[in-house]
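Student: Since the structure of chain A is provided, determine the placement of chain B on it from the hints.
If you read the sequences in order, they're chains A and B.
Quick note on this note's numbering: the first sequence kicks off at 755 and runs consecutively.
Quick note on this note's numbering: the second sequence kicks off at 13 and runs consecutively.
Some clues are possibly wrong.
Some chain A residues near chain B, calculated using beta-carbon distances under 10 Å [to be verified]:
| hint | residue |
| --- | --- |
| 1 | H798 |
| 2 | V806 |
| 3 | A810 |
| 4 | D936 |
| 5 | L938 |
| 6 | A941 |
| 7 | W968 |
| 8 | S973 |
Restraint-style ranges between C-beta atoms, simulated for each label pair [as the list claims (entries may be wrong)]:
| hint | chain 1 | residue 1 | chain 2 | residue 2 | range |
| --- | --- | --- | --- | --- | --- |
| 9 | B | H153 | A | G880 | 57 to 63 Å |
| 10 | A | V987 | B | D147 | 48 to 54 Å |
| 11 | B | P15 | A | F926 | 56 to 62 Å |
| 12 | A | I952 | B | G137 | 52 to 58 Å |
| 13 | B | E209 | A | R982 | 38 to 44 Å |
| 14 | A | K829 | B | A28 | 35 to 41 Å |
| 15 | A | A990 | B | G137 | 48 to 54 Å |
| 16 | A | D771 | B | R20 | 31 to 37 Å |
| 17 | B | R16 | A | G880 | 54 to 60 Å |
Computed footprint of chain A on chain B, listed as stretches where at least three residues anywhere in the stretch have a Cβ under 8 Å from a Cβ of chain A [said to hold, decoys possible]:
| hint | region |
| --- | --- |
| 18 | 73-82 |
| 19 | 115-122 |
If you are wondering where the hints come from, they were derived from the structure by calculation, not from laboratory data.
No experiment lies behind these values; they were computed from the predicted model shown.
No residue lacks a Cβ here, since even glycine has one placed at the ideal position from N, Cα and C.
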Amino acid sequence: MTALAIARNTFRECIRDKILYNLVLFALLMIVSSYALGQLSLGHENKVIVDVGLSAISIIGTLIAVFIGIGLVYKELEKRTVYALLSKPVRRGEFLFGKYLGLLLTLFVNVAVMSAGLLATLLLRGGVSWQECLSILPASYVMFLSLALTTSVALVFSTFSTPALSALFTLFLWIIGHYNSDLLSFAQMNAWGPVRGILRALYYLLPNLSNFTWVDSRSIIHSAGYYRPIDAVAIAWMTLYAVLYSGCLLALATWVFARRDFK
Amino acid sequence: MKPRRVLRTLASSVLALASASVLVAVQMRIDERLVDAAAGPDLLYFSSPAGVKKLALGYDSMLADIYWMRAIQYYGRRDLAERRPVRYKNLAGLLDIASSLDPDMMEIYRSGSTFLAEPDPVGAGQPQEAVNLLDKGIDRHPLEWRLQYDKGFIYFWHFKDFHEAGKVWLNAGRLPGAPDWMAGLAASTLSKGGAIETAKMLWRRQFEDSTRAELKENARNHLISIQADEERWTLEHFVEQFAARYGSFPRSLEDLVGAGMLHYVPRDPSGTPYRYDCITGEVFLSPETQITYFPAPEVYREAYRHKLSSLRDRREKPAK
Chain A
755 MTALAIARNT FRECIRDKIL YNLVLFALLM IVSSYALGQL SLGHENKVIV DVGLSAISII
815 GTLIAVFIGI GLVYKELEKR TVYALLSKPV RRGEFLFGKY LGLLLTLFVN VAVMSAGLLA
875 TLLLRGGVSW QECLSILPAS YVMFLSLALT TSVALVFSTF STPALSALFT LFLWIIGHYN
935 SDLLSFAQMN AWGPVRGILR ALYYLLPNLS NFTWVDSRSI IHSAGYYRPI DAVAIAWMTL
995 YAVLYSGCLL ALATWVFARR DFK
Chain B
13 MKPRRVLRTL ASSVLALASA SVLVAVQMRI DERLVDAAAG PDLLYFSSPA GVKKLALGYD
73 SMLADIYWMR AIQYYGRRDL AERRPVRYKN LAGLLDIASS LDPDMMEIYR SGSTFLAEPD
133 PVGAGQPQEA VNLLDKGIDR HPLEWRLQYD KGFIYFWHFK DFHEAGKVWL NAGRLPGAPD
193 WMAGLAASTL SKGGAIETAK MLWRRQFEDS TRAELKENAR NHLISIQADE ERWTLEHFVE
253 QFAARYGSFP RSLEDLVGAG MLHYVPRDPS GTPYRYDCIT GEVFLSPETQ ITYFPAPEVY
313 REAYRHKLSS LRDRREKPAK
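Here chain A stands alone, though its shape is the one from the complex (with noise of 0.2 Å):
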């Protein structure tokens, strides 16, 4: 309940951020100016349209994730209010896992809006059913699975670093989660049994972002820019992976918060 009251509070917070307001304007003109982009693309419009949509509301969403996520904690200690907060009986873990909720159910409420406009601009456009509008939903769903990730990398940062350094750390962690299948690839390549050993423990270590990219060898924006279905056992996996793997960063974010001495 105490870590609930604390993820209203982060939310509200975020709602109230004036950058993230600029984000998702950012976000709905993006869909908009897709719609003219998509007048020069001979034939291809829709296409257009749900390509931009997609991407934008994965980049922009990733910005916020990075941005609002590596700031969660670091604000809390530079204004003080964590020592009020932690003076109460609230466990520190708690305390974590209530600001988490609160900046995922930020990009949810962020991720619903943008594909609400996506959605919206397609229809208003014409030529595409519902249910090819609905088949862009899970995409949107894998994406937003990738940004609970990407959060709780910022988070963890978030715990002992500054948000400068935190999102320098994110933003590398999230290039290297996209090209993670390489290093399987180079100890596969690689003969000497130790480096292939470490290659093979860094490749299941770091987070595998490319797992909500890519789906039977198509990426996500691909499939939904041909109204592709995606399958529902991978997005399934994916929900799993997402969840053990923030589960355990946020673990992690704890255990460092935890020695954490405020004196």
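Tutor: For chain B alone, kept in the frame of chain A given last:
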């Protein structure tokens, strides 16, 4: 509000507006200076499709759209193309990257191959690159008969390789969803390769099926050019008949009407009279013609004249 404050607000607004207009003027001057620089070197910063796909970080579908639109702009901006050392040097590269980023976008293969294959000034004049692009599409979509149809079209029209075109269309006709006329097209091409009838059928189909204005216009221009060629060759045929009958070429095309061979002298599809050379007996399009003319290959002319001769022989036979 105090008058002084109103005055200050007014002065600030005037100043802001004046600055904005000066800013526009300054930007226009900068743009003028950059006219040549805007054309820039004809560079393709990333030439490896695999490399671009790797760098896309999962946004490959959006990048494919960007590359496709870049290819369209690259092809469509004729004023820029004129200033390049090689007009469409990077068109094939752009289409290759776009099709690697999104291998399912049929328009890249279909329209892209048209952009590449059509001769200058309509296209890049690179039919082999067009075949390569279509082969890439066929590799990815082996059951898509339209790609095979387009490939056969390039062999037929641009390479004049009627046998290969017929073979490709024969394969296309066997694919699921292929229209019935495909088999007829293949048979016609394989039996009397070079026949102008096949060419007319192809352009008519492209004219009827194309949803894009510029492709429709291109097909229309080809059909009009064939019509003009047929009329010219028919006139030349009668000129030869006139010469055979009277021992010399007619002095003007009107003489054919006088000799009872024609009811009237036709004009080209734009309504401009044909030019006639009474020394060689050849009929040309006038320089004042309004049609966008695409010259037909010599084999078409031979096939058409052969057809006219057979018609004449058939007509004369009962008289004998």
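Student: Are the hints correct? Go through all of them and say.
Tutor: How the hints compare with the structure:
Residue-level restraint check for H798/A holds (minimum Cβ-Cβ distance to chain B is 6 Å; threshold 10 Å). A distance limit of 10 Å between C-beta atoms decides the matter here; for V806/A the minimum to chain B is near 6 Å, and the interface restraint holds. Annotation: A810/A was flagged as interfacial toward chain B, and the flag holds, the nearest CB pair being 9 Å apart, inside 10 Å. Here the hint on D936/A is kept, as its CB sits about 9 Å from the closest CB of chain B, short of 10 Å.
A distance limit of 10 Å between C-beta atoms decides the matter here; for L938/A the minimum to chain B is near 15 Å, and the interface restraint is violated. About 18 Å separates the beta-carbon of A941/A from the nearest beta-carbon of chain B, more than 10 Å, and the hint is not met. Of the supplied interface hints, the one on W968/A holds, with its beta-carbon coming within about 7 Å of a beta-carbon of chain B, less than 10 Å. Nearest Cβ of chain B to the Cβ of S973/A: about 5 Å, under the 10 Å cut. The hint holds.
For H153/B paired with G880/A, a C-beta distance near 27 Å fails the hint of 57 to 63 Å. For V987/A and D147/B, the hinted distance range of 48 to 54 Å is not satisfied, since their beta carbons lie about 35 Å from each other. Separation of P15/B from F926/A is about 60 Å and conforms to the stated range, judged on CB atoms against 56 to 62 Å. Distance hint for I952/A and G137/B: a CB-CB separation of about 54 Å, consistent with the stated range 52 to 58 Å.
A hinted range of 38 to 44 Å for the beta carbons of E209/B and R982/A is consistent with their spacing of about 42 Å. Checked against the hint of 35 to 41 Å, the pair K829/A and A28/B passes, with Cβ atoms roughly 36 Å apart. Distance hint check: the CB atoms of A990/A and G137/B are about 53 Å apart, consistent with the given range 48 to 54 Å. Distance hint check: the CB atoms of D771/A and R20/B are about 34 Å apart, consistent with the given range 31 to 37 Å.
At about 56 Å, the beta-carbon gap between R16/B and G880/A stays in the expected band of 54 to 60 Å. Requiring three or more residues with a Cβ within less than 8 Å of a Cβ of chain A, the coverage given for the region 73-82 of chain B holds, as 6 such residues are present. Counting residues of the region 115-122 of chain B whose CB lies closer than 8 Å to any CB of chain A gives 3, so the stated coverage by that chain holds, three being the minimum.
The structure fails to meet hints 5, 6, 9, 10 from the earlier list, while all remaining hints are met.
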